[in-house]
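If you read the sequences in order, they're chains A and B. Quick note: the first sequence uses my numbering, first residue 1, plus one each step. Quick note: the second sequence uses my numbering, first residue 75, plus one each step.
These are computed hints drawn from the structure, not numbers from a lab. Even for Gly, the Cβ is constructed at its ideal location relative to N, Cα and C. Where hints are given, some of them may not hold.
Part of the chain B face toward chain A, derived, beta carbon under 7 Å [to be verified]:
1) 75
2) 81
3) 87
4) 103
5) 231
6) 235
7) 238
8) 267
9) 302
10) 305
Listed below are the residues making up each chain.
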Amino acid sequence: MARNKGAVIVNIERCKGCHLCEEACPSNVLEMNQQTNAMGYHYSYMANVEACTGCASCAYVCPDACITVYRVKS
Amino acid sequence: MTLQEIIQPENKVYGKTPLLTDTPMHYCPGCSHGVVHKLIAEVIEEMGIQDITIGIAPVGCAVFAYNYIDIDWQEAAHGRAPALATAVNRLLPESCVFTYQGDGDLAAIGTAETIHACNRGENIAIFFINNGIYGMTGGQMAPTTIEGMVTSTSPEGRDVMLEGYPLKISNLLTILDGTCYVTRQAVHTPATVVRAKKAIRKAFENTLAKKGTSVVEFVSTCNSGWKMSPHQANQWMAEHMFKAYPLGDLKDQ
Chain A
1 MARNKGAVIV NIERCKGCHL CEEACPSNVL EMNQQTNAMG YHYSYMANVE ACTGCASCAY
61 VCPDACITVY RVKS
Chain B
75 MTLQEIIQPE NKVYGKTPLL TDTPMHYCPG CSHGVVHKLI AEVIEEMGIQ DITIGIAPVG
135 CAVFAYNYID IDWQEAAHGR APALATAVNR LLPESCVFTY QGDGDLAAIG TAETIHACNR
195 GENIAIFFIN NGIYGMTGGQ MAPTTIEGMV TSTSPEGRDV MLEGYPLKIS NLLTILDGTC
255 YVTRQAVHTP ATVVRAKKAI RKAFENTLAK KGTSVVEFVS TCNSGWKMSP HQANQWMAEH
315 MFKAYPLGDL KDQ
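Given only the sequences and the hints, what does the whole structure look like? Please build it.
Below, the structure is given as structure tokens:
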């Protein structure tokens, strides 16, 4: 079955690196970056770009509303 | 398909609502407050009631809630949010008034205000964040702390013979004739977030329909106060808090 293609954009300066998006992601797309933002937090980024289906689970649980989700139906 | 092709405005399925301001929230990483703020802002935007909604901010961690959601706010004294909401709603009956309170505010110092506002059936929505401790002041034991829970003032765990039982205030409020909707939700997984958002919407709809007081309790985490990582706190909540505070609708009329 063809699956949807998705992508997320993380607002790096708003992200506090709480790992909740990483835990919520069913496809293990997100990880915390080794780099830190201006607040000193390791921010979330798409480590496994190909696996994203745009399900928006990460964005639902994000406490700081940092994640914007895009999806293309296959 | 490249990332640039996917990231186009027409493909956007979820993003920050413009009702949430760009001010970074002061909450600790992983705090449930942020999720609930986001859901309230989304519901207000979807219902198009930004101009008539007035929030009552509490004392506690959410004391700066007025900085984060772009609606009218009033700041109440500690625990007095339902009393202030009563005043606002009676002076401006066409407004949609809600309070946003933690458990130290609603279920401790403000118990009397909460119970009497609900008993009068004031036409307000009450959003109640229950994380079982006093988060802002350093994680002390609260009336809602569950049995055996370790806090900074109960290092051996809450002993019910000495400190009493956890106060299930939402269950108390169900028996009052003034409440029309009492529910208990959580925001730790995508599925519970979706359900919680529906509950918030229902509370606002009840308020607009002047049906009485709606109470939405959110069983929440305070990972800093509980001395856990955000993920561990979510797991601990699902394992322990839900036994004392089972999720679901308690009253729906």
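Check each numbered hint from earlier against the structure, then list the numbers of those it violates in ascending order. 5, 6, 7, 9
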